[in-house]
Amino acid sequence: MPDIFGMPVAVLLGQVLLGLINGSFYALLSLGLAIIFGMLNVINFAHGAFYMFGAFVTWMVMSWLGLSYWPALVVVPIVVGAFGAAIERLFLKRLYQVDHLYSLLFTFGLALVMEGLFRHVFGSAGKPYPVPQELTGVLKLGFMFLPVYRGWVIIAALLVCVATWLVIEKTRLGAYLRAATENPSLVQAFGINVPLMLTITYGFCVGLAGFAGVLAAPIYQVSPGMGSNLIIIVFAVVVIGGMGSIGGAILTGLSLGVIEGLTKTFYPSASSIVIFIVMVIVLMLRPAGLFGREA
Amino acid sequence: MTDSRERRLELKGLHSWYGESHVLHGTTLHVNRGEVVTILGRNGAGKTTTMRTIMGIVRKRKGEARLDGHDLIATPPHKVAGLGLGYVPEERGIFSSLNVAENLTLPPVVKSGGMGLDDIYELFPNLEGRDKTVGTRLSGGEQQMLAMARILRTGADFILLDEPTEGLAPVIVDEIAKALVKLKALGLTIILVEQNLKFATASADRHYVMDQGQVVDEFTNERLVSDMARINAHLGV
Amino acid sequence: MQTNKLLVPAVAAGLGILLAAPAVVFPLFLIQLLCLALFASALNLVLGYAGLLSLGHAAFFGGSAYVTAHAAKAWGLPFELAVLLGVAFATLLGLAFGALGIRRHGIYFAMVTLALAQMIYFLAVQMPFTGGEDGIQAVPRGKLLGLVDLSDTTTMYYVVLVIVVAALILVWRVVHSPFGHVLAAIRENEARAVSLGLNVERCKLIAFVISAALSGLAGSLKVIAFQLASLNNVSWHLSGEVVLMTLIGGVGTFFGPIVGAAFLVSLEHFLATSGLPIAAIIGAIFMACVMVFRRGFVGEFLHRRKD
Ligand SMILES: Nc1ncnc2c1ncn2[C@@H]1O[C@H](COP(=O)(O)OP(=O)(O)OP(=O)(O)O)[C@@H](O)[C@H]1O
Ligand SMILES: [Mg+2]
Chain A
243 MPDIFGMPVA
253 VLLGQVLLGL
263 INGSFYALLS
273 LGLAIIFGML
283 NVINFAHGAF
293 YMFGAFVTWM
303 VMSWLGLSYW
313 PALVVVPIVV
323 GAFGAAIERL
333 FLKRLYQVDH
343 LYSLLFTFGL
353 ALVMEGLFRH
363 VFGSAGKPYP
373 VPQELTGVLK
383 LGFMFLPVYR
393 GWVIIAALLV
403 CVATWLVIEK
413 TRLGAYLRAA
423 TENPSLVQAF
433 GINVPLMLTI
443 TYGFCVGLAG
453 FAGVLAAPIY
463 QVSPGMGSNL
473 IIIVFAVVVI
483 GGMGSIGGAI
493 LTGLSLGVIE
503 GLTKTFYPSA
513 SSIVIFIVMV
523 IVLMLRPAGL
533 FGREA
Chain B
259 MTDSRERRLE
269 LKGLHSWYGE
279 SHVLHGTTLH
289 VNRGEVVTIL
299 GRNGAGKTTT
309 MRTIMGIVRK
319 RKGEARLDGH
329 DLIATPPHKV
339 AGLGLGYVPE
349 ERGIFSSLNV
359 AENLTLPPVV
369 KSGGMGLDDI
379 YELFPNLEGR
389 DKTVGTRLSG
399 GEQQMLAMAR
409 ILRTGADFIL
419 LDEPTEGLAP
429 VIVDEIAKAL
439 VKLKALGLTI
449 ILVEQNLKFA
459 TASADRHYVM
469 DQGQVVDEFT
479 NERLVSDMAR
489 INAHLGV
Chain C
163 MQTNKLLVPA
173 VAAGLGILLA
183 APAVVFPLFL
193 IQLLCLALFA
203 SALNLVLGYA
213 GLLSLGHAAF
223 FGGSAYVTAH
233 AAKAWGLPFE
243 LAVLLGVAFA
253 TLLGLAFGAL
263 GIRRHGIYFA
273 MVTLALAQMI
283 YFLAVQMPFT
293 GGEDGIQAVP
303 RGKLLGLVDL
313 SDTTTMYYVV
323 LVIVVAALIL
333 VWRVVHSPFG
343 HVLAAIRENE
353 ARAVSLGLNV
363 ERCKLIAFVI
373 SAALSGLAGS
383 LKVIAFQLAS
393 LNNVSWHLSG
403 EVVLMTLIGG
413 VGTFFGPIVG
423 AAFLVSLEHF
433 LATSGLPIAA
443 IIGAIFMACV
453 MVFRRGFVGE
463 FLHRRKD
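Protein chains in written order, with the numbering used here: chain A, 243 to 537; chain B, 259 to 495; chain C, 163 to 469.
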């Protein structure tokens, strides 16, 4: 097999694929962040905590209720999303009139509370979650052996991202969402219940984070800190992509996962900061972000 | 003045605020079924604010506002359209993230008897065949037509039209004037805010003059035409 | 103004208490309090006076702490030079963060600073000289100007007290200088400030760099006094906590951050042995503060007096 920069292509392709797994999580989370930001003008710092919450609820319904992976994949996002919707109704809603920084700080506090409580109750150590029976084993791809579950994560995340994108760009509901992002009071004057729409949107995007949590449970150890580590990277992804575009958020998330994967092969010690370095470069060259509309 | 016709809109001593700033200071006016009534006044008189207060876009308000007997002050903002009120805002409010077709079908239908697409294209031929164009790529005149068309589609029978001719070329103004006459013939009730007196007098029944958040004068259309000096004094022309 | 009449006696009383405090309170606890008060005041300079929310200030505090610790321990630099080097590092870092982030407004600025600071955190985890999870331990305190031995914690406390008070006076001067008024004008109405011909970005950047330098000073002092540089000092938790201190004390008031730091440091001190989840409690206070107490202690006090 040929080499690229002294790396066999097979190894390289393998890394790209592994990068896509992280990228899938970045995409799912930054997609939700971008939609929430667009509609509610809220930077949802708690997004990582909801992801962690999703993973924990998955673990809890398995160990306490004996619920298996597949029902969890449906139930958990709903539970997490409903929790998010309640948070929006009870708290965030009251912060729309004041400086947007306050809602960021509120969700920051919420993330601390959630992470702190889980740490208090479950300890910091990770909890294992088994890969579901149907998805064990490996796929022989010619250039690598890909565990089936990891392939499933990429496919499931991509499907959900694309479906969300389609709903927003192509449906009537999506048209309401886009219009309300631009001019909520006019949309409201047309007879659409915008506050309800905001609650549902927040709940849905938080549900997406919960979905990412379910997907993550069998790959990463379920632990209280898993969300905050991830969310800051996702913030960098969002700064790189710019908040203007849903499709942009998905693409940026996936490609940064790949870039990170490749860095792991070529220069492992830089892999934890490569996304931040990309962010610095983007900020220098295109301050509004790759897909951003406003600075 | 005698009113033989049915009252639709009734504003009595309406006050409203943007945050701390008090803009409407007891506005009182009424509109009967099928009438076209204009609100005239200098810049900043409170004409747009009156419309926004009726629609519930301005939330901080006091006084009385009724449409067909429904208390508008008590109606949540997303239920106002359901009473048959359609709002065509001054800045037109065409969405840049929606194409023409999406802009046109955005407002939900609120009553039966709204215009179908054929009627709409007959009224505004410019809009036909532009479905996939980004809303804000239309010319100013076309955007105005789109803003009106999307309301006419919903079956709203009481239209608030805020300065539809602002910044438009005379040919387009004529086209919109013609449309307005047709709408009146269809029996729609309309409040029109307008700076262009020629346009205003072409279809209106009555005129109110606002200043500093209050209605300060009222004319029938005939009186306005014969007493231009008085209206010019109000408008400071 | 009534408040001014109160100001001088209040400050004098505060200083008196601080001078006498080591007799009754652990000096190390007091040092912690002073350092965080300075840190929060530095953050307030950008948050309260320039209207920029930075969620990455731990990078300056902790970055400077690491540099100072390394300079004092590995290079054997004296106290003053080690601290100076730390501050210089924080200043440069502030310049870099500021230059990258200042063009992005409000919420974006918060995200950019948070992400940049996280990069510093990862560097601190990985770089050989920072000691990874262990940090840099047994940092020597040395002697002040080669004369005053700082190994006595009470002496250390008084040195920190003098430096922190001097730094706070500097903050006061900045806020009440023409530059401070320009910042206030920008915060009130940025568009108008631009139309008045003010170089808004540069003013914000200067404020940000001053703030970074002072945060670095706070971190350097703390690392010398505690003789330990650790990852906690560069973590996003600390960046958040210092925002909370400022918020709960009163954003945009001079004494707010000091009161807020005193409140939070004391609270953490008492909670430390309680077995309660400290981070969760701090988070809950954060939420409550944002919902119902946005003026903070000092802001609320000033507001009540005005009525
Ligand atoms: N969003 C707002 N916030 C604060 N004040 C406002 C706002 N919108 C309008 N005003 C003020 O309210 C007053 C009335 O404004 P309004 O837009 O109703 O005037 P108008 O009669 O429609 O004027 P024009 O002919 O220029 O459209 C003005 O003094 C204006 O400055
Ligand atoms: Mg107007």
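No wet-lab data here; the hints were simulated from the structure. Incorrect hints may have been included.
Stated by the list, open to error - Derived coverage of chain B by chain A (criterion: at least 3 residues anywhere in the stretch with Cβ under 8 Å from a Cβ of chain A; other residues may be distant):
1) 291–305
2) 311–318
3) 338–352
Unchecked claim - Below 27 Å or equal to it, Euclidean Cα-Cα: the simulated DSSO-like pairs (lysine-lysine) are:
4) A:K412 - B:K442
5) B:K456 - B:K440
6) B:K390 - B:K442
7) B:K442 - B:K369
8) B:K320 - A:K335
9) A:K506 - A:K412
10) B:K390 - B:K270
11) B:K270 - A:K335
12) B:K456 - B:K337
13) A:K335 - B:K369
14) A:K412 - B:K270
15) B:K436 - B:K456
Since the model is a prediction, treat every value here as computed from it, not as a measurement. By construction, the Cβ of each residue, glycine as well, lies at the ideal position given by its N, Cα and C atoms.
Hint by hint, here is what the structure shows:
1. 291–305: violated (count 0)
2. 311–318: holds (count 3)
3. 338–352: holds (count 6)
4. A:K412 - B:K442: violated (36 Å)
5. B:K456 - B:K440: The given pair, whose Cα atoms are some 17 Å apart, holds under the 27 Å limit.
6. B:K390 - B:K442: Roughly 30 Å between the alpha carbons, so the hint for B:K390 and B:K442 is violated.
7. B:K442 - B:K369: Distance ~18 Å between B:K442 and B:K369 Cα, so the pair holds.
8. B:K320 - A:K335: Holds - the C-alpha atoms of A:K335 and B:K320 are around 24 Å apart, at most 27 Å.
9. A:K506 - A:K412: violated (38 Å)
10. B:K390 - B:K270: violated (44 Å)
11. B:K270 - A:K335: Judged against 27 Å, a Cα distance of about 32 Å means the pair is violated.
12. B:K456 - B:K337: Violated: B:K456 and B:K337 sit about 35 Å apart, past 27 Å.
13. A:K335 - B:K369: Status violated; Cα separation ~31 Å.
14. A:K412 - B:K270: Outside the cut-off at roughly 44 Å; violated.
15. B:K436 - B:K456: Given that 27 Å is the threshold and the Cα spacing comes to 13 Å, the pair holds.
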